Structures are given as structure tokens and as C-alpha cells.
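Colleague: Chains as they are written, first to last, in our numbering: chain A, 1 to 424; chain B, 425 to 668.
A couple of the hints might just be wrong.
[What the hints assert, rightly or not] Restraint-style ranges between C-beta atoms, simulated for each label pair: (1) B:I445 - A:N113: 55 to 63 Å; (2) B:N629 - A:P322: 46 to 54 Å; (3) B:Q480 - A:Q30: 49 to 57 Å; (4) A:I395 - B:N483: 39 to 47 Å; (5) B:G454 - A:L360: 15 to 23 Å; (6) B:I445 - A:I373: 19 to 27 Å.
Hints were generated in silico from the structure; no laboratory data involved.
Quick caveat: nothing in here was measured; it's all calculated off a predicted structure.
We treat Cβ as the ideally placed atom computed from N, Cα and C, and that holds for glycine.
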Amino acid sequence: MNLFVSIILWISYILSLYFSIFLLLVYFDQKKLFRKEKTETNLISYPFVSILVPAYNEEKTIEKTLRSIDQLEYPKEKIEVIIINDGSKDHTEEVIQNVIRGKPEYNLLSHQNRGKAASLNRALALAKGEFFACLDADSFVHPLTLRKMVALYQKENDPSVAIITPAMKVADPKTILQKIQWLEYLVMILFSRLTSTLHSLYVAPGPFSIYRTEIIRSLGGFDEKNITEDQEIAYRVQLRQYKIKQCFDGYVYTTAPAKLRPFYRQRRRWYLGSVICLHQYREMIANKRYGDFGLMQMVKNTLGYFLAVAGITISLYYIFLPLMRVFGRMSAINFDLINYAVSFKSNVNIFTFLLMDFKLLFLVLLLFIIGFIFFYAAHKNAEERISKFGWLPIIPYFAGYYLLKGTILLISLGQFSRGKKMKW
Amino acid sequence: MVDQHKNDTEQKTKEKSWRTISTDKYIIAGIITALIFGLGLTLGLILEDARYGLVQQVNQDQEVRYQSLQLQYLFLTTFHNENSCPILAATLQETITDLSNSLNDVISYEEKKTGNDAKKITVERRYLLDNLRYWLLAKESKQKCNMDIVPVIYFYRQECESCSGQGTILTYYKNLLEDKLLVFPVNLDLVEREPMAKIIQSQYNVTQFPTLIIDNTKYEGVVDKDQMKEIICSSLREAPQCQN
Chain A
1 MNLFVSIILW ISYILSLYFS IFLLLVYFDQ KKLFRKEKTE TNLISYPFVS
51 ILVPAYNEEK TIEKTLRSID QLEYPKEKIE VIIINDGSKD HTEEVIQNVI
101 RGKPEYNLLS HQNRGKAASL NRALALAKGE FFACLDADSF VHPLTLRKMV
151 ALYQKENDPS VAIITPAMKV ADPKTILQKI QWLEYLVMIL FSRLTSTLHS
201 LYVAPGPFSI YRTEIIRSLG GFDEKNITED QEIAYRVQLR QYKIKQCFDG
251 YVYTTAPAKL RPFYRQRRRW YLGSVICLHQ YREMIANKRY GDFGLMQMVK
301 NTLGYFLAVA GITISLYYIF LPLMRVFGRM SAINFDLINY AVSFKSNVNI
351 FTFLLMDFKL LFLVLLLFII GFIFFYAAHK NAEERISKFG WLPIIPYFAG
401 YYLLKGTILL ISLGQFSRGK KMKW
Chain B
425 MVDQHKNDTE QKTKEKSWRT ISTDKYIIAG IITALIFGLG LTLGLILEDA
475 RYGLVQQVNQ DQEVRYQSLQ LQYLFLTTFH NENSCPILAA TLQETITDLS
525 NSLNDVISYE EKKTGNDAKK ITVERRYLLD NLRYWLLAKE SKQKCNMDIV
575 PVIYFYRQEC ESCSGQGTIL TYYKNLLEDK LLVFPVNLDL VEREPMAKII
625 QSQYNVTQFP TLIIDNTKYE GVVDKDQMKE IICSSLREAP QCQN
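Excised from the complex, chain B in its bound form (with noise of 0.2 Å):
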């Protein structure tokens, strides 16, 4: 028995010639590995500095329209000028829907880099300015221009578990009804980091997520999907998507 266990340690022990050991295989395939995951990163850079360009371009565009809309209301209130009334509408229309697409694009970009808070913030209190002056000339253009239009404003935080459902309502009111509905969305983590969010917290007194302001009217909590139906058609004149 104990011959046996040293017979199988010696046969153990002893180096077998017919075992191979293909180092060079190691070796190329590590390099191989090595240089794949070279050039996937090479290749990752070059498109992250497309996304760059593409986000500044994005924020330029952005500006230069934000610019126009203000000349244009301010044109309107100084000249009293109803005919450039449906121009107003017009791009305000455009701007905002390219403002919901466009942002969310960049937001995301910049949820996805890691690592990266401060540029995220950054976006982020920017999009919600935006939201909030867009929203301040489509309340004013309904009122001087008269126009056939429901603006809301969407209260919400990252951690309210029910807001995700609210805004799949929006989305698809939005696109049935697409123009004739404007959604504002802000976020309320933004707080200590935007007096504007602030003031708009304390001007409709927000104290639960999420809440909505539809026309000037607060709701809070959920607005189900019938409800939502029911409050933003009674504020429209003619919407045929309203008729059944």
C-alpha cells in the first residue's frame, strides 16, 4: 500500500515529455487579446469625441433658436402684431419637441459617461431652465396669441417610484396628441443646486412626486390614464383625438 502511494508520487512527479505546453499560443493570444481590446478602445475614443462634437452642436442649436423665439415674443408684445401670431406658435412647436428629443439624447449621453457628475449637473439645470422660459412663452403665446394649446409642467425625482408610469401617460398623450400638448418636465433633485427650481417648488407649493400643473391647475400624485384624458381635453377647443 505504501509502495503504491510512491509509485503514484513518482509518476506524478515525473515530467511527462508527451505533455505540451504551447507558451507561444499563450503569448500570441494574449497579444491578439491585447490588441483588440486596443483597437475597440482607439475605436471608443474616436466616436466619444464624435458624441462630444455632436452634443456641443446640439447645445449651439439650442441657443440660437432660444434666441429667436425670445425676438419674436418680444417683437410680438412691443408691436402688438397679431399676424406673426402662427409664426410664433410655429416655432415654438419645433423648438419644444426638439427640445424634449434633443436633451433627453445629451442626458443620457452623459448618464452614460461615468465618472462625470459635474457635466451631468451641468446639462441637466440647463434642460431645466430650458424647460421652465419655454414653458413661460407658451403660457404667454396661449394668452396673447389665443392658441389651441394644453402647457404642463411635470414635477419629478429620480427615486419616485410611480413617476415612471406618469411619464409613460405624457409620452402617449404627447404623441397623440403631439402639438397640441406641451410637457415640461423638471426635476426636483435639482433643488440645492438651481434657485429657479426652487422658486418654482415654493410657487405651486410641491410636496409629493409626481405632480402636474395643467394649465394652472396642480394635481398630486398619479394622474391614471382616463383622468389625464378627461382634464387635458376639457382644455381644448377642437381636438378630434378627443372624440372617442
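Same shape as in the complex, but just chain A (with noise of 0.2 Å):
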């Protein structure tokens, strides 16, 4: 065997390892707490709070978002909603004055495309809450989430809290694309839960977090220049040392890519997006300064490069270089395979068993079981059951996802060091 990919091979495994044990003795450490734990939705007072709600090109999917603003459980005058038409080409426009027709706690600003962050920028300049949410028009928030998440933010009553991360999960999820990645959200959930307990959170999702308005605004806003605002003002404002804190039981429904290419530009934008923000904050990277969310976080999202660069590069060695070798030779018989495979039956004794790689295929299972056991524990977390959309989904979400995901992520650090190369 190749001793350079062993050698990646086992270091992938042992850091890959490692960090799911350190996640492991958060998750048991806080298990009790966890179990016990809801979040109140009985409010001391109501803050005045600003919704933004940036939109392009969203005719299909904007009505269902507002109207999950106007059944949130939180009185009417101390909400103001701030649609943003960011230039939008198709009917976005008419369905939005349709909707919001005769609500005067409903703004509409419109202007010629100039992305999401400048939308937000210029919502926030005329925000009047003391918090403002942003919400992404093809999200959809659940009548009690905002209390919730305000009265985290009492609970806390921490003037240097910034940001309330709310609980993802994937809107109606309908083809078998969409079910996998209800289960990611699912886990991404309870992940985040746990990194919430080490103030590590790193991203400020889209899809109705709420921030401290002075805080953002004296940070100057969000980053027109990125392009996933919402994990660069998350960075940002663990660099200046503010907290970020997930609301876990405050759910929000967003609608995954149904199809493969759609899927790919999301999160091409995503991981580019990552990188580009981990490059430009990297001064936390395994900085004391920044506690846990230095030492821990920041290493392990840049080890996670390293992480998908050998994931791939070993599941090109083990499965489709031979596959395609074995492709080569059943072309030689003209794929007559009954009478070929014969011969895997014979051959299948006690030595096929003790020629595995028993110390690499122990950590493999280890890392399976542990995979297991978060995803259980991600369920029962979310509230939910794991048959909900059949067995199937679970399949390719444990053989296969992390492949593509990780492929998705090697070619989006392949833009990201062509981008750099153009710019130096």
C-alpha cells in the first residue's frame, strides 16, 4: 500500500476521532442539562424588534414567509417588518404590496440588485428595534420563535450577547436530496447546541437570527463584499468578542435545494464563502484570546479542509480506482458476470476476513458509532422522530453525503487559492 496515503489516512482518522470524542464529552457533560432545559416563551417585556426580510427573485416562496411573520405570537406594535426587493426580475414586487396591503407595521424598500448584505445595510440603517431579526424570504418562522428567542435573550440579560441563532430545519422536505439534508440540519442542531455551551458559534444563519441592533451597527453592518454575510458577521463578532448564543428549540423552516445543481451553488457558495472568512479572521486560529471557540472551533473548521482533501483523496484510491479496474476487466468477458462470480463465492474463506485492515477498519466503526449516536442524540433533540421521512434518506446520508460535500468543498478551495493567486 501507498505508505504516503496511509499516513493521511491515519491522521484524518485519528483527528476526525479526536474531535468527535471532544464533542462527545460536551454532549455528555451537558446531557442533563439538555434533557431538562426549554426555552421560556413568557416575556419580561417586548423590545421593539425589526424584521428584515431580504428578497430576489422569490414570487413562490415570499407570501408563505410573511405570513409566518404575521402569525408570530408577539404583539403587532412592537414589530416592524422591512421587506428589501432587491431588484427582483420576476412578480416578487406585486406579491409583496399584495400581501402586506393595509399592515402598516409592513415596509417595502426597493432597489436595483445589489446583494443580500447591501439590502440588510440598508434595512438596518432605519431599523428601529432594539433587536433586529433578518429573515431570508424562502425561510419560514414558527409563531413562537420569536419569544423565545427574546426571552433568551432575557435570560441571558447580557448586554454583550449579539447574536440569537435559531434551530434549522428543512422546510417540507420532499425529494430524497431534501430528506438528506433534513437530516443534516437536524444534527447541525444539536452541534450547534453544543457549541453554543463553548461560546463557539460560527455562523449566523439566513434564516431568522436575531442580533443586538447598536452592537451590529457599531460594527458597521454586514460585509458587502462577502459572499455568505452570515457566517463573516458571526467571525466578526466573535473577533471583537461578543457572544453569540443558539436558541435550541426555536425553529425555523427553510427550503433545501430539491436538486443536485442547485444544491452544488449553495453550497459552493457556502464553503468558498467559509474559506474565504476562516483566511480572512485566521489571527484566531488556535488564539487563547478566543477561549474554545480559538483553540477548538477555529482549528477544526481549518483542519476540516485538510479533512475533506484526504477524505477524498483516499475514497479515490479505495473505491474508484479499483472500481474502475474492475470495470477494465469484466469488459474483457463482455460482462458475461454469472458465470465470473462464481468465483467470489469460492473464494469468500477465513482469509477474505483476516486480510481487512482490522486497526484501521476498528477506528472506522468507532467513528460510525459515534456518527450514531450523535445522529440519535440529534433527533431526540429536535423533537423529532428518525423514521419521520422512511429509512431510506439515512442511508446515503451516512455512505455517501460527506463525499459529495467534500467534493464540493476541494473545488471550492481550488477557486479560493485560484482567487488569491489572480489577486497577488
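Since each chain sits alone in its own frame, please combine them into the complex, following the hints.
Modeller: Shown next, in the form of C-alpha cells:
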């Protein structure tokens, strides 16, 4: 076996194992607390909240988004909604006009297409709320979520809490890809809850994160040059030593891409954005001043790229190359496999079993077990049944999904390094 | 503006008491990872031992069987007793099938072990010698006992691209014809290390890969699926698999 590949293999397995065990320890540490913890829905007072809804070509979903804001259990006079039509080319504007007619708490801004961050900044300048929420026009908020998140601000009672993030679920998954993402998002809710206890959140998801207006304004608003402003703002908030907390049961439902192509586009943007952010805020990597965020999360995020590269290399080496060889050999017998298959039957003996690389198998098995523990715990945590959308999506979720994501990550990384060269 | 920058720096350098550093968890996670790593390593070593024992066993079995076969052959030629032909035939078949299975396993086992080239070459040489002596036995038994078999020598090299296809075709007919087709693979990468490889190479003047010796005829280059069927079936007296 190629020595280089096996060294990479071992390093990446040990790293993954280390991070998984660390998270598992955090989980067991918090487990009791997690089980009884419930976010309050009774509020001491009702602070004024601005809800910013940036929309670009969202005629299909925006009505549902606005209706979900309508149904929030929060006094209407304590809410203002600022919708920003970012130069949509479809009927978004008309749909919005129809929905908001006769509702004084809604305001509509329209401008030429400038991007999401610029739209948010324009609305942020006008926002009157002590807090403001962003709600992407493809997402829908649960009626109790705003109460829960404001209640969390009141419970924390700490002016340095800058962002509270929601628990994101996939809205109405239909295709298998959406169902896989449903599982992924559920696991993310648990991971975010764990990282939240370590003050290590590094994304403020576009759907219904709530920000403290004063802090975000003092930081200069959203970065209009960044392609993932929701990550950039979180890193910046961390850099300036403000807090980000998760509201683990403040649910928001977001539309996940149904097909591979839009999925690829979405992820490429996210991953490219995250490389850019990591690079931009690299001073926090392994920096003790940022506590667990610097020592753990930043290091983990950085090593994530190494793991992705290693994962792809390894699967190429172990799956695709042998597969191509088998294909070549089968073509020599015109794919008359019935007769050939006999040899597999006769050759499976104790040797086949003994020939496997046990040391590696042992690690892989353990990683899977830890994966399953988190998978199970994540469903408990988000109050969902594992079989809600059948057992079928679970197989690709564990078998090939990370490979798919890793590939996209790799492509993004390639684009990042090319982009850098052009700049230098 | 300057003041703002100063504030920023102050803000950043100030130790934040709410920041957590889970040193204990870093250490415990490290210890557990090391333990798991160690456990896996130990488990691997134990199984390695078991594997080594198995390899030894296979080698010994092979040796005894070869001696038995040789004696049977000697007996046959000495006493001209053709009644023992069926026994010889049966032993030959069994041994050869076993040879290809078990020694393949041994080889792939040795291949997986890194940094032990000397041992791997020894195993490969043994395999080559075993194959050649069984081939000689098969050839002679075919004459003496009038056995309905086709012995095939298959010369290959590691770097030969089309060899894996040829190997697959041979395996295919091996599965189809079972004990009527006897394939003896000879790896000519060993020419430098094993004199016998050189002898057989010059005997048949092998310059190209793959080269096949089917019965006594030499075929250079890949023999494809249909050609192979024709050649093999023409040397067999009766084979129902050749009918269609």
C-alpha cells in the first residue's frame, strides 16, 4: 500500500476521532441539562423588534414567509417588518404589495440589485428595533420562535450577547436530497447547541437570527463584499469578543435545494465563503484569547479542509480506482458476470476476513458508532422521529453524503486558491 | 478613527471571563483517542499473529500434498499400474485448485504488509516453483493417464496493462470448465531472482506479455474470450460447456 496514502489516512482518522470524542464529551457533560432545559415563552417585556426580509426573485415563497411573520405570537405594535426587494426580475414586488396591503407594520424598500448584505445594511440603517431579525424570503418562522429568542436575551441579561441563532429545519422535504439535508440540519441543531455552550458558534444563519441592533451597527453592519455575510458577521462578532448563543428550540423552516445543481451552487457559495472568512479571521486560529472558539472551533474549521482533501483522496484510492480496474477487467469477458461471480463465492473464506485491515476498520467502526450516537441524540434534541421521512435517506446520509460535500468543498478550495493567485 | 482602533484593540486583548477553555476535555479526548488507537493497534497485532499462523499452516499443507502427489506419480511410473490414474487425477485437481486459492491469499496477505519485500518475493518464488512443478506433473499425467484436461501456462508481468484482462478471461473459463482447465500463472518479474523463471522463459522464448502456452502451442498477446473458447474446446474430448 502506498505509504503516503496510509499516513494521510491515519492522520485524518485520528483527527476526526479526536474531534468527535471531544464533542461527545461536551454532549455527555451537558446531557442532563439539555434534557430538562426548555426555553421560556413568557416575556418580562416586549422590546421592539425589526424583521428584515431581503428578497431576490422569491415570488414562489415570499408570501408564505410573510404569512409566517404574521402569525408570530408577538404584539403587532412591537414589530416592524422591512422588506427589501433587491431588484427582483420576477413578480416578487407584486406578491409583496398584495400581502402587505393595509398592514402598517410592513415597509417595502426596492432598489436595483445590490446583493443581500447591501440590502440588509440599507434596512439596518432604518431599523428602529432594539433587536433585529433577518428572515430570508425562502424561510418560514415558527409562531413561538420570536418569543423564545427574545426570552433568551432576557434570560442571559447580558449586553454583550450580540446574536441569537435559531434551530433550522428543512421545510417540507420532498426529494431524497432534501430528506438527506433534513437529517443534516437536525444534526447541525445539536452540534450548534453544543458549540453554543462553548461560545463557539461561527454562523448566524440567514433564516431568523436575531441581532442586537446597537452592536451590529457599531461593527459597521454586514460586509457587502463577502459572499456569505451570515458567516462573516459571526466571525466578526467573535473577533470583537461579543457573544453568540443558540436558541435550541426556536425553530425556523427553510427551503432546501431539491436538486443536485442548485445544491451544488448553494454549497459552493457557503464553502467558498467559509474559506474566505477563515482566511480573513485567521488571527483567531489557536488563539487563547478566544477560548474554546480559538483553540477548538477555528482549528477544527481549518483542519476540516485537510480532512475533506484526505477523505476525497482516500476514497479515490480505495473506491474509484479499484472500481475502474474492475470495469476494465469485466469488459474483457463482455460483462458475462454470471459465470465470473462463481469465483467470489468460492474465494470467500477465513482468509478474506483476516486480510482486512483491522486497525483501520476498528477506527472507522468507532467513528460510525459515534456518528450514530449523535444522529440519535440529534433527533431527540430536535423532537423528531428518526423514521419521519422513512429509513431510505439515512443510507446515503451516512454512506456518500460527506463525500459529496467534501468534493464541493474541494472545488471551493480550488477556486479560493486560484482567486488568491489572481489577486497577488 | 484612531481612538476607535485603539478601542478595538483593547476590546480584543482583554481576557474575556466568559470565554471557556475546556482544557480537561481536550486532555480526556486525547487520552481516549490514544486508548482507542492503542486498542486498535493491539487488536491488529493479535490478528496479525493469527494470520501469520494461518500462512504457515497453508505452506505446510501444500508441502505435504505435493510430496504425496510426487510419490503417487513415481509409483505410477514405476509399476505401470493405470488403476491408480483416477486417484492421481483427483489429487492433482484438488491440489491445484487449492494452490491457486490459498497461495493467492498468501500473496495478497504478503502484499498488504508494507516494508517486507524480501518475504513477499520468497512467497512469490515459492508460488512460481509450485506452479511449474504442478504443470510438469499435469502434462505428464495427461499423457500417461490419458486425462481430459488442458494445462495452460500464463506468463505475465506486473506492469503489463492488458494482463489483468487476460487473467479475468482465464478465471472466467476456469469457473466455467472447472477441473478440466488447469491454469498455471508464471510471474516473469522474478526472472532476476529465480533461475527457473529464466529457464522456462527461454524454453518458450517469451518476449511479449501476456503469453499463453495452451497444451503445447504458444499464443502471444491477449487471446480474447471467443478465441480462447475455440482453442480450449478443440483440445478437450468432451465438455458439455463447449456445446453452446
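Colleague: Holds or violated: 46 to 54 Å for the Cβ distance of N629 (chain B) and P322 (chain A)?
Modeller: Distance hint for N629 (chain B), P322 (chain A) is violated at roughly 35 Å.
Colleague: Please check whether I395 (chain A) and N483 (chain B) have a Cβ separation lying inside 39 to 47 Å.
Modeller: holds (42 Å)
Colleague: For the hint 49 to 57 Å, verify it against the beta carbon of Q480 (chain B) and that of Q30 (chain A).
Modeller: holds (53 Å)
Colleague: May I ask you to test the hint 19 to 27 Å on the CB atoms belonging to I445 (chain B) and I373 (chain A)?
Modeller: Given range 19 to 27 Å: holds, Cβ gap about 25 Å.
Colleague: Assuming the hint says 55 to 63 Å, is it satisfied by the Cβ distance from I445 (chain B) to N113 (chain A) or not?
Modeller: Cβ of I445 (chain B) to Cβ of N113 (chain A): about 44 Å, so the range 55 to 63 Å is violated.
Colleague: Given a hinted range of 15 to 23 Å, is it respected by the beta-carbon distance of G454 (chain B) and L360 (chain A)?
Modeller: holds (20 Å)
Going through the hint list in order, the structure does not satisfy hints 1 and 2.
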